[in-house]
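Please dock the two separately framed chains into a single complex, following the hints provided.
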Amino acid sequence: MRQRTDSPPCNRFTVRRTFLACAHYDMTLRITAAATPPGNLLLAALPDNERRRLILRSEPVELVLGDVLYEVDDRVRDVYFPTASFISLVSQVDKDSRLEVGLVGTEGMLGLSLLLGVATSPLRALVQGAGPALRIDAADFSSAFKRSPVLGKLLNRYLYVIMTQLAQMACCARFHVVEARLARWLLMTRDRAHSNEFRLTQEFLAYMLGVRRAGITRAASTLQKRKLIHYTRGRMTILDGRGLEAVSCKCYADARRMYARLMN
Amino acid sequence: MPGIAFPQQNHILDALPEAERERLYSHLKLVALPLGLVLYEAGDALRHIYFPTDSIVSLLYVLKDGSSAEICVVGNDGVIGVSLFMGGETTTSRAIVQSGGFAYRLTGRRLKREFERQGETMHILLRYTQALITQMAQTAVCNRHHTVDQQLCRWLLLSLDRLPDNKLAMTQELIANMLGVRREGVTDAAGKLQKLGVITYRRGLITVLDRHRLEQLSCECYSVVKKETDRLLPLRLTH
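Here the protein sequences line up with chains A and D, keeping their order. If you're matching positions, the first sequence starts at 504 in my numbering and goes up one per residue. If you're matching positions, the second sequence starts at 600 in my numbering and goes up one per residue.
If we strip away everything but chain D, and leave its shape as in the complex, we get (with noise of 0.2 Å):
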């Protein structure tokens, strides 16, 4: 548990100029956002707009029989509800706390009319918005072509980027509805990471111990998002 949050630690809202953060950071709600939680599900009007600290949201579409996979993992680099200024008013994905912790929150008027200042917030948010479709074009081949350990890797050093430390609280199920596997396929792959001492998985804790080895055993998908954010969004990193 974070001490005290701050909105810096958003690297979207860190890089806004000062005049941008002036306006905006007053109207910034802290809220809690615990594991598991629903932020919205498909269909759902948008409210708000949320900046997470040391929180991660994954965003999963829902298919008509119930099936879901993960789409994109929104942290500390982004901000969940791009929707509301594309004028899609209802969200066609599910938000759904992965990792424990905070955001900051604004309510969709409020962002709606700073975007319409065309300032740099707007620029932000669409140049961020890219780097999302380009995580969700890597994520739907990756969900094709790579293997489940793969996925695996990958997906966990998505999440790393997200978290301050190393540990992970997460459950095997958790991250089986995330990739969209049955969970069997998930103890199968950590079981195999585990034997080879990259990560410890214990009572739903996985902390990764050898990071660089993690980043081998990934299919490029991690890299190409990697690489693809950071050049749209070339702002402070965690690691």
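So here's chain A without its partners, still in its complex pose (with noise of 0.2 Å):
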């Protein structure tokens, strides 16, 4: 094999160029980002500016399925805005006792404890849907937030909704029966992964609910023999969303209705 003799030695100079052209490439897809109307509602419902500014210092990320993204009591880096992902918010006492009391699609955004003025974590956030979402950091997320009252008001509000998903769902979790609440899990979760077919195992959605394996397996066989979903192999489709809604308690529409009501 004939040795290549003409390629420039590894320089400063070439090591800085590459630099600057992913920088370049990097810089042309946040234009592009900034540019386009994001997946992400909240971003959305900003002005055009005030978003332009908030993407240019954002960068895209791919979740990955499974993901920690803060553990109880982690330092909150990065805020998240999910563009086509989503992630649970887990409240955990120990490894046998955990129940998923939020859920953040691209209706919202991970890592309000900023707002309050905290820097760390009150639950464990995991990505339960893979896919993309934008990325802030904690410091330029902060002083963005200060500087603009319409993301703040907006916010705010949001904060408002999250507060009283967590206290609906403590109450569901505590009333309801697994079926229903079953049901209801996997309308909110077909409503952020915006498909009627994701990936899951009964054992994570046990952990979702803070029951016990055997008491998915039987709720989850009811949904299938009245044909409203068909669960195969690690794969949950969704058959009757019309079905599962009146099969689940009534936490489902309202949490929908109150989101719809604040944010709009």
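What the hints contain is simulated information worked out from the structure, not anything from laboratory work. We put the beta carbon where it would ideally sit given N, CA and C, even for glycine. Among the clues, some could well be false.
Claimed, not checked - Not everything, but these chain D residues come out facing chain A in the computed CB check (under 8 Å):
| no. | residue |
| --- | --- |
| 1 | H722 |
| 2 | R726 |
| 3 | T746 |
| 4 | Q749 |
| 5 | L831 |
Here is the structure:
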């Protein structure tokens, strides 16, 4: 094989040039992202110039299924605006006692504690739907938040939504039967996955709903018998959304109404 | 019954810097909150924010079918009405007085004006909101996974921290409502604690005799909530 003799030595100049090329590419990506309406409803609700300013500070990232973005008490280094992904907020006492208390998709944002002036996360944030999100450094986000009354007002309202969702899920977990809760969970997930089909294991469902696996198996097979869902080898398909809504507790419809009332 | 109430009994009001105290204290109105009073129902417009001095207020989430469960408890450590500054003009929970006493009240308009100055009042109230979120999340998981016995201990400890002494005027029915369980469940759990010599319960008055033992019998949810509240609001504590 011919030895290449003309290749430029790897000096500081070439490294810098490559870096600049990458930076330029990255900037182009961001500008394009800033110009097109984002898939995130909170960002979409901002006035154009505010949105552009925020997106220019952001970095597009791919969230991977099962990744933990923050553990409880972790420092919130970045906030995330899902553009086609979603994240579960999990409250946990120990390995065996956990419960999902919130779900953040393209309608929301992860990292609300920064709004409250607290640098740590009160909940575990677990990627449940893989896909893209915009990530913004905590310091950048905080300064944008402080400077923009519009952004402040919007996110405060969203905080209210999340707190209500938390209270509702607490109460729902106490009183409603697994079947109704599973139906609610599947509908909430469908709304955020923007798809009637998603991958999940029964173990994961048990973890999210804070029940034993056998309870999930029973509830899922009842829904399947009624032809509302189809579940096979880790693939969940919603066959009849309306039917599922009828089985679900009212918590699903309530949460949707509340979001619409507050955010629109 | 307390002889005299003063704003500093509430930890949030107490933590305000001099200038903000001067601005706000003159607008505070002392109100009596008798046991069982509903400050607001879910869906009500919020007109005031309350700063309890020696009363305790429970926030309950109410489901469509009428069943409800406590999601957090607020005493002299906090305020009732955080949705005011989040822009949600109505409340989604029911606020019911769980232990009678007094609270200072401020109009929503006055609070919003103070909030807009972005001073210490705003920062303290926001940090308190994070403490509430922690309490709500912990309560959710506790409701789901822990026994009524453990939950009763947690609930008694949270109440005790917000009271000036070790006595709590309370009916079993109200406790059952708070914990979202049947009354018999509370009777059983309270009976066990009484047999162990941890509490006495007589004619609607619970006296805690052995706080240390109560902490041992509670699930860890109590200490998680307490630690987080202390961290976020490093203020003077009653105990």
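Review point. Among the hints numbered above, which are violated by the structure, and what are their numbers in rising order?
Key: 3, 4
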